[in-house]
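Peer 1: As a plain string of letters, each chain reads:
There are 2 protein chains.
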Amino acid sequence: MYRTKTCGELRIEHVGQVATLCGWVDSYRDHKGVVFIDLRDRYGITQVVFQADTPTDMQTIARGLRSEDVIQVTGEVLARGAGLENPKLVTGQVEVRGRELTLLNKSKTPPFEPRTQDLPNEELRMQYRYLDLRRPVVQQAIILRHKLAKATRDYFDRHNFLEIETPILGRSTPEGARDYLVPSRVHEGSFYALPQSPQLYKQILMVAGYDRYFQIARCFRDEDLRADRQPEFTQIDVEMAFVKQDDILSTIDGLMAHLLKELRGEELPLPLPRLTHREVMEKYGSDKPDLRFGMELICLKEIAENCGFSVFKNTIANGNRVRGIVAPGAAEKYSRKQIDELTEFVKQYGAQGLAFFRVKEEGLDSPIAKFFSAEDQQKLIAKLGARAGDLIFCVADTAKVSSAALGALRNRLAKELALYDPKEMKIAWVVDFPMFQWDEDEQRWVAEHHPFCQPHEEDIDILETDPGKVRAQSYDLVCNGYEAASGSVRIHDPAVQQRIFSMMGIQPEEAELRFGFLLEALRYGAPPHAGVALGLDRWSMMFSGTDNIRDVIAFPKNQKASDLLTGAPAPVDTKQLRDLRIKVDVPVK
Amino acid sequence: MYRTKTCGELRIEHVGQVATLCGWVDSYRDHKGVVFIDLRDRYGITQVVFQADTPTDMQTIARGLRSEDVIQVTGEVLARGAGLENPKLVTGQVEVRGRELTLLNKSKTPPFEPRTQDLPNEELRMQYRYLDLRRPVVQQAIILRHKLAKATRDYFDRHNFLEIETPILGRSTPEGARDYLVPSRVHEGSFYALPQSPQLYKQILMVAGYDRYFQIARCFRDEDLRADRQPEFTQIDVEMAFVKQDDILSTIDGLMAHLLKELRGEELPLPLPRLTHREVMEKYGSDKPDLRFGMELICLKEIAENCGFSVFKNTIANGNRVRGIVAPGAAEKYSRKQIDELTEFVKQYGAQGLAFFRVKEEGLDSPIAKFFSAEDQQKLIAKLGARAGDLIFCVADTAKVSSAALGALRNRLAKELALYDPKEMKIAWVVDFPMFQWDEDEQRWVAEHHPFCQPHEEDIDILETDPGKVRAQSYDLVCNGYEAASGSVRIHDPAVQQRIFSMMGIQPEEAELRFGFLLEALRYGAPPHAGVALGLDRWSMMFSGTDNIRDVIAFPKNQKASDLLTGAPAPVDTKQLRDLRIKVDVPVK
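Top line first, the protein sequences correspond to chains A and B. At position 50 of the first sequence (counting the first as 1) the number is 50 in UniProt numbering, and the numbers step up by one without a gap. At position 418 of the second sequence (counting the first as 1) the number is 418 in UniProt numbering, and the numbers step up by one without a gap.
Just so you know, these hints were derived from the structure itself, not from any lab. It is possible that part of the hints are untrue.
Which copy is meant is left open, so a pair is good if it fits within one copy or across any two.
Straight-line C-alpha distance at most 30 Å; calculated DSS-like pairs for lysine-lysine [as the list claims (entries may be wrong)]: (1) Lys244 to Lys5; (2) Lys244 to Lys313; (3) Lys150 to Lys244; (4) Lys150 to Lys383; (5) Lys106 to Lys244; (6) Lys106 to Lys426; (7) Lys147 to Lys5.
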């Protein structure tokens, strides 16, 4: 070994010992012939001192040290003098007096230093990703991600789950318009596909008798990058046989409690809240509500249908919704101009407009207040539970639009008004999703979750007669406004599976072509089974308290940088293409 | 939950309890109105009995049960009568008297049963992989693989390593003739490449300060399938900074001891033997010797150069080698015809012929014995340490050919003569590989391991003058005749790296083009570092005692079968290709 201690290890009790440290020069300072070096590794920072009486050749090296040089230092551990301690460092009570110094590697002047507070643009950070990865905030997130994966594996292992690897090179199923395709050199004209999830494999594993499976699995989607999405991502994939929905939920409840305990030392009360899809759409206007704050959507039907404001009245008469939310204490915080911006904001979600009322001691203040009698104003205030100084927003529109607009507005207001602690994690289940959605474009029913999802037993009778009412045995785990896990009970009966396909307008021959291997497997002794998948990238971000996915992935893709580090795709030479022998007789646009 | 106990859980102490089990019908038997079911899950088999007094409707179901039907049974746990215990089952002292029975899923008649001793052909097994995966031997291997990965992660986590994910979608480096290429839809005309190993990423991680990295990583090679090789494979990938070769070796020694202890309850004496490349080539004719048996190659130069057999004499005179091995007690086990087969076998390795001698009490018996004086015969016997009843084989050829031929012959004879326990694992390091090999075709020196490998410090002076003698700081872990891990100390000095490239005839501009991102990273504070990669598939096979890689991978690729299960690539439709917009103006052969 080059070292006897790390740079985060020395404490007052080591005083008098001789230690050898290795690391990077974080900062240097030459003070009256004494050279001070802050030496850094991933464990911490230790101050190293070269006194004026250091031998000349070593002094020469010490004085020549610059940021990010890699050195090895041996010396005695000394207590820092009184008043010279650095309380910001865990090693801040000691320093190492350099007796031997080896320059292991000289660094070119770095374009930015890991300890900088003034970050350069992202492209430069990606180009020098090895420097960016030295920043303590990124290192902590990468370390946390390791701990998250380790604690997850410990939990599942302890509960008799097997981690089983499923293929990366699989077969494209015809629906996979966004699969990455991989031409094979060996099988001319044939392609593998990269998996969007191990869904089908894990169902096959259940049929094969591996009744408790999990995998931390890499998945792929050939889509454009977004701030929080990468074309390859990692999920904690889980499937169990001989279980019902409750068993999956309580298994994941246990995982969450284990993770909160291991990573944050927090106790998570169980079971986690289980809210129905209908309930969260009504209360929060979203199927992934942020539960760190209240500000629930409140139905104003009874007031609206009899009030003097025709927009509200007509909306109800047309069978649509009028709902409101209360932004606490916000009456004076939003100017008219800012409210106009909020109006533009809700229009992105399809709303025609945004009604607002400032709540005063004496009643409501609003351009439309005149349409509401004093009594209606008091009813409105009472129904919404508003108080003087609050700001009320209402949207009158279809259920869908009013949910989308108020749900989004709710999140925006809570953030702007700092209604929650950004480090808190509020986790809950949303259950009973609708089985089908009507696709206006295609004029057919499509699966809300996926077509292998089991309907509620009591809704199976209305599958064909009232599909819009059929609830699926599917569930999402939501955290802080994100869908952080999603799963369902799967169909294990080929006859039910066939009815679902029919509902979606998929003919038996087509079903065989697309999912034949699964349908066939279900015929050879498939147990009842259910599963769930959790986004590891998302959970890493939430536990780290970062909004930037690039903090939790060592080598993220980047739109512009195109070297190996940031992994953007690159053109390849003609020889390689020729080797592939791709049979393309398609004129390329 | 559908069950209260698994099929491997009930013991004599559960007698009197009521249990609910779920599983597959492994076998059924109707004996005088009593139905006996062996119910199976991955935990074991439990006998379930439906007595003649069972209600009629349940009896009807019970009598209709056939292999691989999935059922749920509730009943009382009873002790089996004296003499009726089944000592082959851990649950063999008890049975469950069925009181409730639910047919969870009926199975079609399976093409083969998991308990069959008479396996069908591999193609059928792959087509019905979910049935094949139910076979206990495969289930045990898949469970062992999970334990192997878990124990590996526990070990590295305990030693402060971080598991860090590296990309699957990376960039093709121009040398990667066998990379899988992945066309991107989003970046028209650009391709990702799937990694053959995370080598470059892990070196970058060392530069970035993550001084103890490991990953159980998926890697890819676009090559034909072999019995023991898949186009995607899994390796335990390790890299450490501020370490020397010894540190890597002792870290992996510790891993091996941990695995042997966890998976087999065996104590592994440490340190593992460390043999030089020169030594194993001399003694075993192979750089991955099987050390479960002796049968070392013995140099016969002194006898050969003075004997009357001109083939031996001339071989030595030409500067080549005459070496022999002794097959103990084999003199009468191999007929002349069988020895002729062995001669054909060594010819595959380039040998011109194979000399043999049966050792008798009175001397050697061989067609060429007449060329050896009685004294030379005794010298030969003494030098080889042979005894009456042994069979001696000699090869006279170049060092390379005699090593290859005798090394292969040694393995074959030991297997045929059953000289070792096939379940034993003999693990050792081979170190000091040559840095370069002379490539006759290309007329240049090529790297034996890879071009990022650090030469021995004391050999750096002869880098340019005597490259054939330069030893690399590289090492293989060998087990039972397989290379089961491989690694090296990496170059962290860009100047040394440049000299290695020059030696290999790679010009600076070309080096920048191919490895520029790494060379650039080395200039920004690269610590000394070293690493190793272990084949998880290989270790799974060795721990499971199987030669078939399909026993340890849930969904292996298969040459012929081409459905999703076995993951052979398949043609895709024209629309998908058009979407890819691959710019191919190359006439396809």
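Peer 1: Now, for every hint given, state plainly whether the structure supports it.
Peer 2: Here is what the structure says about each hint:
1. For the homomeric pair Lys244 and Lys5, the shortest alpha-carbon distance between copies (16 Å) is at most 30 Å, but the shortest distance inside one copy (51 Å) is not.
2. With identical chains, the CA atoms of Lys244 and Lys313 are never at most 30 Å apart, being 45 Å at best within one copy and 80 Å at best between copies.
3. Taking identical chains as interchangeable, the C-alpha atoms of Lys150 and Lys244 lie at most 30 Å apart whether they share a chain (27 Å) or sit on different chains (27 Å).
4. For a Cα distance limit of 30 Å, the shortest separation of Lys150 from Lys383 qualifies neither inside one copy, at 49 Å, nor across copies, at 56 Å.
5. For the homomeric pair Lys106 and Lys244, the shortest alpha-carbon distance between copies (19 Å) is at most 30 Å, but the shortest distance inside one copy (60 Å) is not.
6. Taking identical chains as interchangeable, the C-alpha atoms of Lys106 and Lys426 are never at most 30 Å apart, the minima being 47 Å within one chain and 43 Å between chains.
7. Taking CA atoms no more than 30 Å apart as the test, Lys147 paired with Lys5 passes inside one copy only; the shortest distance there is 22 Å, against 32 Å between copies.
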